[in-house]
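Line by line, the protein sequences give chains Z and X.
Okay, so the first sequence: first residue is 1 according to my numbering, each after it adds one.
Okay, so the second sequence: first residue is 527 according to my numbering, each after it adds one.
There's no promise every hint is true.
[Stated by the list, open to error] Calculated cross-link-like contacts (lysine-lysine; reagent style DSSO-like; alpha-carbon spacing at most 30 angstroms):
1) Z:382 <-> X:768
2) X:594 <-> Z:132
3) X:622 <-> X:658
4) X:658 <-> Z:511
5) Z:448 <-> X:1032
If you are wondering where the hints come from, they were derived from the structure by calculation, not from laboratory data.
Quick caveat: nothing in here was measured; it's all calculated off a predicted structure.
2 protein chains.
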Amino acid sequence: MSTFPVLIAGQWRPSQSSGTFRVENPATGEQLPGEYPVSSWADCDAALTAATAAAAVLRTLPPEQIAKFLNRYADRLEARKTELVELTHTETGLPKAPRLSDVELPRTTNQLRQAAAAVLEGSWAMPTIDTKNGLRSVLGPIGPVIVFGPNNFPYAFSGAAGGDFAAAIAAGNPVIAKGHPLHAGTTRVLAEEAFAAVQETGLPPATVQLVHRIEPSTGLRLVSDPRTGAIGFTGSRSAGVKLKNAADAVGKPFYAELSSINPVVFLPGALAERGTKLAEEFAGSAILGGGQFCTNPGFIVLFASEAAEQFIAIVKQKFEASAPPVLLGKPVVRSLTEGVQALRAAGAELIIGGTPVAGPGCRHANTLLRVTGAQFLSSPEKLQTEAFGTASLLVIVRDLAEAAAVLSHLEGNLTGSLYTDTAGSDDAAYAQLEPLLRVRVGRLLNDKMPTGVAVSPAMNHGGPFPATGHPGFTAVGIPASVRRFGALHCYDNVRAARLPASLGNKNPNGKMWRLIDGQCSQGDVS
Amino acid sequence: MSTFPVLIAGQWRPSQSSGTFRVENPATGEQLPGEYPVSSWADCDAALTAATAAAAVLRTLPPEQIAKFLNRYADRLEARKTELVELTHTETGLPKAPRLSDVELPRTTNQLRQAAAAVLEGSWAMPTIDTKNGLRSVLGPIGPVIVFGPNNFPYAFSGAAGGDFAAAIAAGNPVIAKGHPLHAGTTRVLAEEAFAAVQETGLPPATVQLVHRIEPSTGLRLVSDPRTGAIGFTGSRSAGVKLKNAADAVGKPFYAELSSINPVVFLPGALAERGTKLAEEFAGSAILGGGQFCTNPGFIVLFASEAAEQFIAIVKQKFEASAPPVLLGKPVVRSLTEGVQALRAAGAELIIGGTPVAGPGCRHANTLLRVTGAQFLSSPEKLQTEAFGTASLLVIVRDLAEAAAVLSHLEGNLTGSLYTDTAGSDDAAYAQLEPLLRVRVGRLLNDKMPTGVAVSPAMNHGGPFPATGHPGFTAVGIPASVRRFGALHCYDNVRAARLPASLGNKNPNGKMWRLIDGQCSQGDVS
Chain Z
1 MSTFPVLIAG QWRPSQSSGT FRVENPATGE QLPGEYPVSS WADCDAALTA ATAAAAVLRT
61 LPPEQIAKFL NRYADRLEAR KTELVELTHT ETGLPKAPRL SDVELPRTTN QLRQAAAAVL
121 EGSWAMPTID TKNGLRSVLG PIGPVIVFGP NNFPYAFSGA AGGDFAAAIA AGNPVIAKGH
181 PLHAGTTRVL AEEAFAAVQE TGLPPATVQL VHRIEPSTGL RLVSDPRTGA IGFTGSRSAG
241 VKLKNAADAV GKPFYAELSS INPVVFLPGA LAERGTKLAE EFAGSAILGG GQFCTNPGFI
301 VLFASEAAEQ FIAIVKQKFE ASAPPVLLGK PVVRSLTEGV QALRAAGAEL IIGGTPVAGP
361 GCRHANTLLR VTGAQFLSSP EKLQTEAFGT ASLLVIVRDL AEAAAVLSHL EGNLTGSLYT
421 DTAGSDDAAY AQLEPLLRVR VGRLLNDKMP TGVAVSPAMN HGGPFPATGH PGFTAVGIPA
481 SVRRFGALHC YDNVRAARLP ASLGNKNPNG KMWRLIDGQC SQGDVS
Chain X
527 MSTFPVLIAG QWRPSQSSGT FRVENPATGE QLPGEYPVSS WADCDAALTA ATAAAAVLRT
587 LPPEQIAKFL NRYADRLEAR KTELVELTHT ETGLPKAPRL SDVELPRTTN QLRQAAAAVL
647 EGSWAMPTID TKNGLRSVLG PIGPVIVFGP NNFPYAFSGA AGGDFAAAIA AGNPVIAKGH
707 PLHAGTTRVL AEEAFAAVQE TGLPPATVQL VHRIEPSTGL RLVSDPRTGA IGFTGSRSAG
767 VKLKNAADAV GKPFYAELSS INPVVFLPGA LAERGTKLAE EFAGSAILGG GQFCTNPGFI
827 VLFASEAAEQ FIAIVKQKFE ASAPPVLLGK PVVRSLTEGV QALRAAGAEL IIGGTPVAGP
887 GCRHANTLLR VTGAQFLSSP EKLQTEAFGT ASLLVIVRDL AEAAAVLSHL EGNLTGSLYT
947 DTAGSDDAAY AQLEPLLRVR VGRLLNDKMP TGVAVSPAMN HGGPFPATGH PGFTAVGIPA
1007 SVRRFGALHC YDNVRAARLP ASLGNKNPNG KMWRLIDGQC SQGDVS
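Given these sequences and hints, build the entire structure.
As structure tokens, then:
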């Protein structure tokens, strides 16, 4: 059987591998053609050496050339859309339409093009000039970036095409992509197009590199190598925390998206006003995409009442009526099963679902569980176990004080939602609960489900640990996500001819916003 | 003997201490009056509880009130200047004038007032509005901040008055200051004035708290407690790395300034053109303040030549002619002695100095050492040992290729300097070496010594590990240093009345810069 190559130093070449793996169709359990290498340290070492050389060249190139690459890559992905979507569907079970072809691929090319626009405009780097003190600073490239893509967004978060990739390249860095083994073929095709665009636009060949899979010990070495600049990681908490610790120990910025159960609180007035509608809204959001979103609403707070029981009954009906979706692969079924078991072991009562569906495909019953607020408070850590997939835990609180106590015990999350009525009867409760939720989440929603994550400058796809490793950063939204991959470069008394263009007296494109002697300006230094 | 109290929850109260310590006058070795407590976990636990409550109130206060506190605190420090400077001089041996009264105290009050101005203006928090998607985001308070002050800047980097303190408060957070035991009285007086200003301006009493000293195990617990928001640390690499690891493990942002030897390269043309002047310039910078600066030029690259030997002869003379300064305390003499010994053990040859001066005061001979480039390359790690104080290592390289190799082996530093001639004969060497230095330092200087650190928006007092823990942040310079203590808070579909003022449709002060639908603007949302 043929083994696919890795992309290192501008060559699709055989991996120096420590083993191989294959990809399965999760809908059928059937193995797909070809096998993929598990890269040894030798592959990673070679990739880091090539990336270091590429980084030195990239920092000398004009922004136009990097922007051209990002745009050209987006064009190429669109041109290969039909083949790509077909392959990804086979590897992931995700619907071809609308999900892959009409939502995720357009989102991905949009991110690449937004990144290109940010590069051309240049304000993302926050150029700052102090003429009195002869000081000028700007975010410069941080160095080779390793991007670990997750299982659930084969395009939009891919190590070779997603948000971290686009941001790292936009900041002027080469990327070493670590693919996800559940959709290795997809990442391979993405990297083919990325590399073709690299060649077309004359970037250094090692601007984009790809390894399909690495042993955990190789990963620890890769993220903590002196040549590494930073890391983008989206994936499981257990793997992510190990890698984060290794990177942290040597001061390598590790931008992680690890775990989130996304609390949603339905206040009594909202339930009284529009309980049926809200039950449908929640069920739709929870079931969407097989619940395989980082922002899936997994933790629901309801106030004990008849209305809450009606809400639960409707949700149960919706969960029953929806066929168990094909999940991304066996590991997802396994971790969901374990997550549900952990919640039950901690006292959660099963309302519906709770077990995997017999094969050949990868499926798990849509699952709802419940506990009382008092039960949650007696075991708050275990009852925050993430059950990635279509599973949600309902926490039925006695009163506002108990709701406040529940929220006070939450770990960091990407999102938190508060549903309120329109008449104002929930206002006091909102005022009491909002501060507790605000400091524990990155994105606070009002009367809205968390599953949509717009690519917007005002988005925060981040939050306190363990949602991410640092509450100041977002993985989605330009320009903020680009800044993660910049190092602050100050120039003190440096002669004019030796400054980067963004710090020259002349505004390089007449559009870049710079802080000049304390004033925001698109003008030249006078 | 009386034991000084700690400041916790708005009370100067006896510490629940695990021991006591005293402060010595480093010029005489004499013990100063009174003893200070080593706080147990009980003190820190109480401080965190009080800080959490204070944080909840602080986030509801108008910016005007926080700015008023910062300004009032600056005024109060100036009013108590004579007494403060006298005490600090006694505790640290630093000259009363110009250093303490004319440089460091004005720098400190200036930082507090710049922070106040940033709070009032509000742009530091980067408010971002996307009307189409109903998304608004801003940097909100990160939570209680622990600030560990260093030995060498008793005011400007103090946990109770310095740059991290000002930035943390400006971002809306309470501060728990950990004083430095070598100048405990100074920090006590600072905290007295801070607390008086807190009371005058009606901030929550626990906005400023102080513990004088804690056991290492208590420190690890403090920085990793769930109630902690972030940490600012300036101090030794060994202590800092242990605290950083504890904080990193639970995702608490740890802004550290750890270690820097600040490489300075004198290119041949510069030495030929103005060697005598440069030797004097370097010697002055190296001796300044007893060399007790994070930005002290400790690592000098010279090209083997007659001019280099003349340079060294002049520097030697200047070092000889300058009396060994009073150092900050016994631990500084000890670590300097150990640092110099480590450099000699790794092959450095002593040119002058090398040993402590016999007591009673704390002094160490001004020290110069040298190695060849080849020697450095055979032991690059050990020959980057920081010797904090008046000690510099001269690295004599054979040629440009060897200089490049030396720079390629450097760890991260706060600063790096390149001296060049005015005629252009160093241009090619600059072009070759600058990229190597650029990626290894936060602030790149040209024809300038690194010891001055202006409080400027364009300053970077930061750099790659081990200079700091993250190359994207600066500890000096507003607004950037304030942003370190913000958490990104996104509001999605949140009703207008529930938004913070900075995200309302109306620009709250007509001056705040906001990114509204992709455009920088000081206007309202239309």
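Structure-based check of all given hints:
no. : hint             : result
1   : Z:382 <-> X:768  : holds (29 angstroms)
2   : X:594 <-> Z:132  : holds (27 angstroms)
3   : X:622 <-> X:658  : violated (58 angstroms)
4   : X:658 <-> Z:511  : holds (23 angstroms)
5   : Z:448 <-> X:1032 : holds (24 angstroms)
In terms of the numbered hints stated before, the structure departs from hint 3 and from no other.
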